[in-house]
Structures are given as structure tokens and as C-alpha cells.
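K.L.:
One letter stands for each residue in the lines below.
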Amino acid sequence: MEPLKQHKGLVYPLNRSNVDTDQIIPKQFLKRIERQGFGQFLFYNWRFDDDGSPRGDFSLNSPKYDGASVLAGGENFGCGSSREHAPWAIQDYGFRVVIAPSFADIFYNNCFKNGILPIQLPKPVVDQLMEKAEAEAYEVAVDLEAQTIDGGGFEVAFDIQPYHKEMLLNGWDEIAVTLTYEDKIDQFEEKQKGVKTLGIS
Amino acid sequence: MSQPKTIVEKIWDQHVVHEEEGKPNLLYIDLHLVHEVTSPQAFEGLRMSGRKVRRPDRTFATMDHNVPTIHRNVIKDEVSKKQMETLETNCKEFGVRLADINHPDQGIVHVIGPELGLTQPGKTIVCGDSHTSTHGAFGALAFGIGTSEVEHVLATQSLWQAKPKTLQVHVEGVLGTGVTAKDLILAIIGRYGVRFGTGHVIEYTGEAVRNLTMEERMTVCNMSIEAGARAGLISPDETTVEYLRGKRYVPEGEDFEEVKEQWLSLASDEGAEYDQTLTIHADEIEPQVTWGTNPSQCVPVGGRVPDPEQVEDDRDGIERAIDYMGLEANQAIESIPVEHVFIGSCTNSRLSDLRRAAEIVRGGRVHEGVRALVVPGSKSVKDAAEAEGLDTIFLTAGFEWRDAGCSMCLAMNDDIVPPGERCASTSNRNFEGRQGNGARTHLVSPEMAAAAALEGRFVDVRKYASTVGG
Ligand code: SF4
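Just so you know, the protein sequences line up as chains C and B, in that order.
Its first residue numbered 1, the first sequence is counted upward by one per residue in my numbering.
Its first residue numbered 202, the second sequence is counted upward by one per residue in my numbering.
For the record, the hints were derived by calculation from the structure and aren't laboratory data.
Do not take every clue at face value.
Derived pair list, reagent style DSSO-like, types lysine-lysine, alpha-carbon separation capped at 27 angstroms [unchecked claim]: (1) C:K191 x B:K224; (2) B:K282 x C:K184; (3) B:K461 x C:K196; (4) C:K8 x C:K64; (5) C:K193 x B:K253.
So the derived label-pair ranges between C-beta atoms look like this [stated by the list, open to error]: (6) C:Q187 x B:E289: 28 to 36 angstroms; (7) C:G39 x B:S536: 40 to 48 angstroms; (8) B:E286 x C:E145: 43 to 51 angstroms; (9) B:D584 x C:Q192: 46 to 54 angstroms; (10) C:Q120 x B:G504: 52 to 60 angstroms.
Even glycine gets a Cβ: it sits at the ideal position worked out from N, Cα and C.
Given the sequences, and given the hints that come with them, work out the whole structure.
P.N.:
Below you can see the structure in the form of C-alpha cells.
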């Protein structure tokens, strides 16, 4: 996974609450067996008409947000299905940071596995970011090490669990990390031996 | 006596492999359920890094999301076919047991786990699917994970997890006649919203919950994720034990008596403390219908679509939902016509669901212009239903009777609601486009769906008083 230490980018405001993973990536695109290439389907039903032409009424289609890499969303962002295709689509489209007043748990977790930094901030702060990004091309600089967002004229700090932070900063392969604890897993299983309810065979 | 504990704390403490300051716990996973949609990239990841499945004996796979529910042997959709074949190849290569499309154990992953007795109290259970919370009905700690975590569990049989907070939802009193487990969970989400459970594991307690059968408990726990919860569960009791007795992967004879005691001892202790408690009264709950585009947007069937002018919160969201759903503010729910009816999904596709729907349907006729589908949750539910003639009741009334799968719950196969059309559905998500691009979903109980099929609109199922029991 690509590490993420600092990121500077254009903000795209998506001022809707409960943006669910069916919206982020509709199910017709979940049949692919690859991890890449989902960006073209991001917010598909909002972005495109039935005949596949871009819809004028969806702001992400506006040239103003070309190249945006910071997504600002509403409450409960990423709720619904556990599909990791959602963060894959967000990442593949070019977003590296998602800011929202609250996230659904599974989506939040999935972000870290894919080099995306989800940042939870109080709603008034997110609203302020959105307002600025709606008004003009608006860039922010995110510093994960320092846990700050510099929005040109205002700066906010954000919280993140140390474990998540380390993962992103180092771009770790989590499985490789876990395998350094393999002896512990072995010991645990050793203790469990003879538990009658566990095996399937 | 030691400190009273909740079931969540007990299961958690039994599964911590490693603990360290500043890190989540490394939690052991007892059972990993796998399906075709969220696993291909995980197996591919293993292959690329030369890793194995650590415990194939604790991993079980099936095909459900994508499978056709009709003409099963000709899968026209090449991409779907490839996804199913990929699962087959992966299971073979990594030694994972698979109930494929033609296997007698095939079905929706959250229906077959309990049915086979793979789901048991006290287990930690994961699956690359958010409705894994269903298995919590047995007093298991069961939660949905993403594909990277699927790969992680395949490789290590463990996960890094922060200890969740606990939330007790206490349901006092008894549910009225014609009011189901589905109405209970919809009413809870209707009252507290789609994110009151975030960061928490919900434990459902109280008289109304104790009175539920296992299949009803599964309906309730299934939708915990719609409240944003990490998981939802119910402490095991005699109902749990009796359901599991004799199931294939459950120990027998004396061994059963032994594990039974262990299971019962997992129940939350008297006086255990929760981070939060909410109390609701079962007798106030009525049959529910969702009018909007998330499960909290529901009202009793006798109610009306809200008026955005009259609400304070999220006015835009409500307006957008009403608009998407093609409804009017203040419209009576009973005036809403339906074109499709779907009885199925991991929420409501078990034998008892089909029985209760069939009771309403018996002797009736599907309303003109309505297309109604019954999709049993598993091959074994289908067989059992046919053995007691439920298929005949549905078919005679004009329903279609299909093979097992997720089907119109998420419309990944050909079972799709066309744009702008409306469906009374026993599934769990009424999100925009969930049942097809532009499709309009109303979530209801199997009884309410059956009644809507006969009448071509929503009606209060309690008017079928003689058939709804109680
Ligand atoms: S029935 Fe629906 S909710 Fe359940 S597992 Fe299948 S797609 Fe998911």
C-alpha cells in the first residue's frame, strides 16, 4: 500500500447525509474480480444518465472539481454494505482523503486498507469546508504526522487512532504485520484444541 | 462474585490473541463465511504473496449474491459466471469447503450458517458482508468485514479490532397480533435513526425479545447494521439451544449437553453494565412500511409520508427521498400502489417467513399488474417449503417460486425492479437503486408483502386477523 504522509488537494463537497455504499458504487459493478479500475463507476447512478451520458445536475461532473482529491461528505458517510469496492472506487477516482462529520464503521476501516485517510471533524467545520469548496476552487493541505488540516486561513486538528495513523504513514501490509504475531496465534489455537464446537470437518 | 459481564465482554475476552497499548486487540476468528462477490480479490492477494488459508476447517463458502434464481444451469451473464467460477477455483486451490450453485447446502450465507449449525453461541464469526450481524441471534459476535479483512482472516484467522462499546436495546412487553420481528426492528431504527449503533454492539433484551423464535431473532439482528452497529446479538437461552440441537455441525449426545451449559453461561450477567441503554415498548409497535430511501424512514402502515415543511432535521434529505420515491408529502401509506413484491433475502426468507406469508396468500390471487416473487433463502428452505406445499399456495395465487439466492434484495442477477417502479420488499435496504437503477423499495414484513401482493397496494395486515395468529 502506498504510504500517505501529507496530502494537498482540491476539495469536492458532497453535501448529502447517509451516502451509502450502493451510491458510491452500484452493485452492477461488483462482479469484477479485480481490485483496480473501479473509479469510472464511482457514484455511477448520480453521475450518469441511463444512456451513460454525464448528468449536468451532479456536481462532480462540473469541470470546477476536475482533479479533486479530497472528498468532503455528510453524516454517516459510507453506510450500508461492507463492499470494499466503495473505497476502491473512491481511491481509483483520485481521492486520497475523505472528510465527514461521521462515518459508518466498516467503511471507515476499509479506507485504511487502501491508503485513504478518513477524517472525522465536527459538522460545523465540515460545513465550513463545504461552503468554501462550493464557492470557489478550494485546496487544503492535510498533514497526517501533525494531524492537521490547513485550509488557507484556518487550521484544524483531527483525531486518529495511533494504529491507523501508523498504518497509513508506513503503507503497511497489515497481514505481514500480523504474521509477526504468528506464535501468539499458534498458542491461542493450541489452547483451543479439543473445543468441540469449532471445526467444520 | 466477579464483576458481572455482558455477553460481548465474555466473548471478547475469550478471543483476544494479543493485547498491546495503543493498538486494537488481535482477535481470533472462529468461523469465516465466504461468498463470491467480496472474496476474489482476497484470494488473489493470498496468491500474489504466496500465502495459504490458515484454517480451511473454519472457513465455509457459498454462492448467493450473484446466482440466478431461475434456469440455473445457463448463466447468461459472463461476468457473473466468471465470478462464480473464480470462487470455485479458489476454494479448490485453497482447500475451502464450498456449497456451489448446485449443492444441497447452497443458499444465502446468513441463512445457511445457522441452518447447518455452523453458527453457534460464543463464536466470533465474520463474512465479507454487512448482514453478518444476523448470526448474533445465537449469541455469537458476528460482524461484516471488507475484502482486505477477508484476506487477513484467510491468512491469519484473526483481525485487529478495537473493543466495541455496548448498547442495550431493551424491548418491554409483547408484540401485538400481526406485528412481527421485522416491524420491531424497523420501528427501532425508525425511532433512533440509521446511526445510533455506530461504534457499538447492540444487545437486544427484554420480554419481547425472549419471546421471539430463532428465525425472528435473526430478522432483528440482521438489521443491526442498518442502525450503524458493528454487530447485534441476543444472549443464548433455551430457545437457542433447542434450535441448534441436531444440526449438522453441532456436537451430539453428551457432548451436546456439555456445550449447552457453556452456551447458556455466556448470557449477559444480571447487573452487567452497558455503555448505553434504550428502552422501547413492544405494545406500541405497529406494522411498519418504509416510505424513503433509508430504513429509518418508516411509519406505521396507517400513517402518512412526512411533510418536509413540518420537519426540522434533514429537510433536504427528506425532500430528496420523497422525490426519488415518487410520493407526495402527506400521502397515506395505504394509498401507495405496488408493482412488485419480493419475499426473500437474509432478513426474511426462512421457512417461518414463507409460512406466515403463505397463510395470508392462501386462496387469494396476486393483484392485476403486480409481479410477485418468492425466493427461499436456501435450497433446504426451498425443499422444506415444498414438502409442506407452500410452493403450491404461492404458485396458485400467481407468485413466482424461485431457487435460493439474494436475488432482488440487491438485484445483482436478473431479478431487477425496473426504473421508477415500486416494490414491497421483505429485504433490509431501501437505498436508491438497491433493487435496480431508479427502483423504489418499501421495506415490510413477509405478511405485509403478501397482503400488498394481493391488494396491489399497502394494507394493514391486521385486517387478515383470522390468519395472522394471536
Ligand atoms: S440477501 Fe441481500 S442483504 Fe442479505 S446477504 Fe444477500 S444481498 Fe446481502
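K.L.:
None of the hints should be skipped; say for each whether it holds.
P.N.:
Hint-by-hint comparison with the structure:
1. C:K191 x B:K224: holds (23 angstroms)
2. B:K282 x C:K184: Given pair K282 (chain B), K184 (chain C) is violated - Cα atoms ~40 angstroms apart, limit 27 angstroms.
3. B:K461 x C:K196: holds (11 angstroms)
4. C:K8 x C:K64: holds (17 angstroms)
5. C:K193 x B:K253: It holds: about 21 angstroms lies between the C-alpha atoms, which stays within 27 angstroms.
6. C:Q187 x B:E289: 28 to 36 angstroms: Between Q187 (chain C) and E289 (chain B), where Cβ atoms are some 35 angstroms apart, the hint holds.
7. C:G39 x B:S536: 40 to 48 angstroms: holds (43 angstroms)
8. B:E286 x C:E145: 43 to 51 angstroms: holds (45 angstroms)
9. B:D584 x C:Q192: 46 to 54 angstroms: With a Cβ separation near 35 angstroms, D584 (chain B) and Q192 (chain C) fall outside 46 to 54 angstroms, so the hint is violated.
10. C:Q120 x B:G504: 52 to 60 angstroms: violated (34 angstroms)
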